[in-house]
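Start from the sequences and build out the full structure, keeping to the hints where you can.
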Amino acid sequence: MFPARFDYFRPQTLEEALGLLQEHQGEAKVLAGGMSLIPLMKLRVAKPARLIDIGRLSGLDGIEARDGELAIGALARHAPLEESPLVREAVPLMADAAGVIGDTQVRNWGTIGGALAEADPAGDWGPVVLALNARLRCLSARGERFIAAREFFRDAYATALASDELVTQVLVPGPGPGATGAYLKLERKAGDFAIAGVAVQLAVDEQGVCREIGIGLGAVGLTPIKAVQAEAILRGQRLSEATLADAAEAAAREAEPVSDIRGSAAFKRDLVRALLRRAIEIALRRSRGEQVEAGHV
Amino acid sequence: MSSLRSIRVRVNGIEREGQVEPRLLLVDFLREHLGLTGTHIGCDTTSCGACTVLMDGRSLKSCTAFAVQADGREITTVEGVAADGQLHPLQEAFREQHALQCGYCTPGMVMSALYLLSRNPNPTESQIRRAIAGNLCRCTGYLNIIAAVKAAALKLNTRRAAI
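These protein sequence lines are chains Z and G, in that order.
The numbers in the numbering used here rise by one with no breaks, and the one at position 40 of the first sequence is 40.
Each number in the numbering used here comes from the position in the second sequence (counting from 1) with 297 added on.
Where hints are given, some of them may not hold.
[Stated by the list, open to error] Residues on chain Z that point at chain G, a partial pick, calculated with CB under 8 Å: (1) 2; (2) 108; (3) 190; (4) 191.
[Said to hold, decoys possible] Simulated crosslink set (DMTMM-like; lysine to aspartate or glutamate; CA at most 20 Å straight-line): (5) Z/47 / G/393; (6) Z/42 / G/389; (7) Z/29 / Z/53; (8) G/447 / G/422; (9) Z/29 / Z/192; (10) Z/47 / Z/164; (11) Z/42 / Z/192; (12) Z/189 / Z/120; (13) Z/42 / G/393; (14) Z/29 / Z/120; (15) Z/47 / Z/23; (16) G/452 / G/422; (17) Z/47 / G/341; (18) Z/42 / G/318; (19) Z/42 / Z/67; (20) G/452 / G/368; (21) G/452 / G/353; (22) Z/29 / Z/16; (23) Z/47 / Z/7; (24) Z/29 / Z/155; (25) Z/29 / G/318; (26) Z/42 / Z/164; (27) Z/189 / G/341; (28) Z/189 / G/393.
[Claimed, not checked] If you want a taste of the chain Z side facing chain G, the calculated C-beta under 10 Å gives, among others: (29) 5; (30) 8; (31) 29; (32) 31; (33) 34; (34) 41; (35) 43; (36) 53; (37) 56; (38) 99; (39) 105; (40) 107.
FYI, nobody ran anything at the bench for these hints, they're computed from the structure.
Don't be surprised by glycine CBs; every beta carbon is placed ideally from N, CA and C.
Okay, structure coming up:
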């Protein structure tokens, strides 16, 4: 299999890339790691007339804490995100997610910015950035803007990005005291997309009251879903059995799964219930200093 | 419109040049332009890993990259693993442990295992399993492949200790 013909550009600077994007608006696709785009092009689902390869632009793959935020360059690849001590310490759910994307070869080259801009409904980063209330820094030749994760996903494979815009950074608010999280997904076989995935970020005070909560659901709708009703049930409450059951029920209602080869809609709703409760349990154990594996169920 | 591009790629230590269409896949450049048919095409859909090579030291499914993306980079294929007519310890281990039957997946398995051992000289069994999760084998049931990677790690560590 090989893709339809295209013109190939490899800009040397970000400015040059933005200029090309503006010049070829609507006809060009951005190539970063290529792990999603190239398979789609080989299947000729995607047939861009022009490809702008930003994969080697420098300075866009950093992972650093600054101004109370974690700033992750759009070209940060999944493997370094999984291994980064900073990410593992500050936002372990990001390391969880990075470690269960595709396989080793895909994690070596696929980028967080590319995966988010691709907006695959079953992608792992979507629920994570929703749970973390992250913002995406987007640049075009016209200027800069910041898009909240919650505003970013519009439809399957469709985002709020304009056709001349590029995601350049993922900005994660610095976690408050004691805040931590977990990402869990179930997949049919190694390297497959999730049947369902749940990302949780929370903080619980000394009295056991939930002070911060973010919940993102993946693969159960046309876009990743922020489970705001489940969040509202948990926020400010003690995490009792009844409260957790209510939240799991709310999240299952907020999910919009369809029956497909990966499972029935009812099964996926059940998964949302189960994964949410397990992810919360792992996050709580982590908040007590325990080392707990997550990612895969 | 889509004219040929000149690329220079260092493949198994040798500088190679090519005139390629931008849509040419890296695996086709290796196999068809350079005649390096050790890199196999299995599924052609980023699943099976038979086409795994190293690009700048990191494993990559070469059916899921364009040759133009390798311009100026370094590629290692399975042909570059043995040196001076001697099998690499990993290749010896694959032979000794019966880690292949039909052999179709083997080049990709070797490259994935090579990548693992380059990053982690003492992998646990679960780390080995995870490292080859992107490589499918329909013959062996994987157990002998895992045994071979363990045996190769031992060989390499013994060799290192002897130096």
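Comparing the hints with the structure gives:
no.: 1; hint: 2; result: holds, 6 Å
no.: 2; hint: 108; result: holds, 4 Å
no.: 3; hint: 190; result: holds, 4 Å
no.: 4; hint: 191; result: holds, 6 Å
no.: 5; hint: Z/47 / G/393; result: violated, 47 Å
no.: 6; hint: Z/42 / G/389; result: violated, 36 Å
no.: 7; hint: Z/29 / Z/53; result: holds, 9 Å
no.: 8; hint: G/447 / G/422; result: holds, 8 Å
no.: 9; hint: Z/29 / Z/192; result: violated, 25 Å
no.: 10; hint: Z/47 / Z/164; result: holds, 17 Å
no.: 11; hint: Z/42 / Z/192; result: holds, 19 Å
no.: 12; hint: Z/189 / Z/120; result: holds, 18 Å
no.: 13; hint: Z/42 / G/393; result: violated, 38 Å
no.: 14; hint: Z/29 / Z/120; result: holds, 15 Å
no.: 15; hint: Z/47 / Z/23; result: holds, 18 Å
no.: 16; hint: G/452 / G/422; result: holds, 16 Å
no.: 17; hint: Z/47 / G/341; result: holds, 18 Å
no.: 18; hint: Z/42 / G/318; result: holds, 14 Å
no.: 19; hint: Z/42 / Z/67; result: violated, 42 Å
no.: 20; hint: G/452 / G/368; result: violated, 34 Å
no.: 21; hint: G/452 / G/353; result: violated, 25 Å
no.: 22; hint: Z/29 / Z/16; result: holds, 15 Å
no.: 23; hint: Z/47 / Z/7; result: holds, 11 Å
no.: 24; hint: Z/29 / Z/155; result: holds, 18 Å
no.: 25; hint: Z/29 / G/318; result: holds, 17 Å
no.: 26; hint: Z/42 / Z/164; result: violated, 24 Å
no.: 27; hint: Z/189 / G/341; result: holds, 18 Å
no.: 28; hint: Z/189 / G/393; result: violated, 29 Å
no.: 29; hint: 5; result: holds, 4 Å
no.: 30; hint: 8; result: holds, 3 Å
no.: 31; hint: 29; result: violated, 12 Å
no.: 32; hint: 31; result: holds, 8 Å
no.: 33; hint: 34; result: holds, 6 Å
no.: 34; hint: 41; result: holds, 8 Å
no.: 35; hint: 43; result: holds, 8 Å
no.: 36; hint: 53; result: holds, 7 Å
no.: 37; hint: 56; result: holds, 8 Å
no.: 38; hint: 99; result: holds, 9 Å
no.: 39; hint: 105; result: holds, 5 Å
no.: 40; hint: 107; result: holds, 9 Å
The structure fails to meet hints 5, 6, 9, 13, 19, 20, 21, 26, 28 and 31 from the earlier list, while all remaining hints are met.
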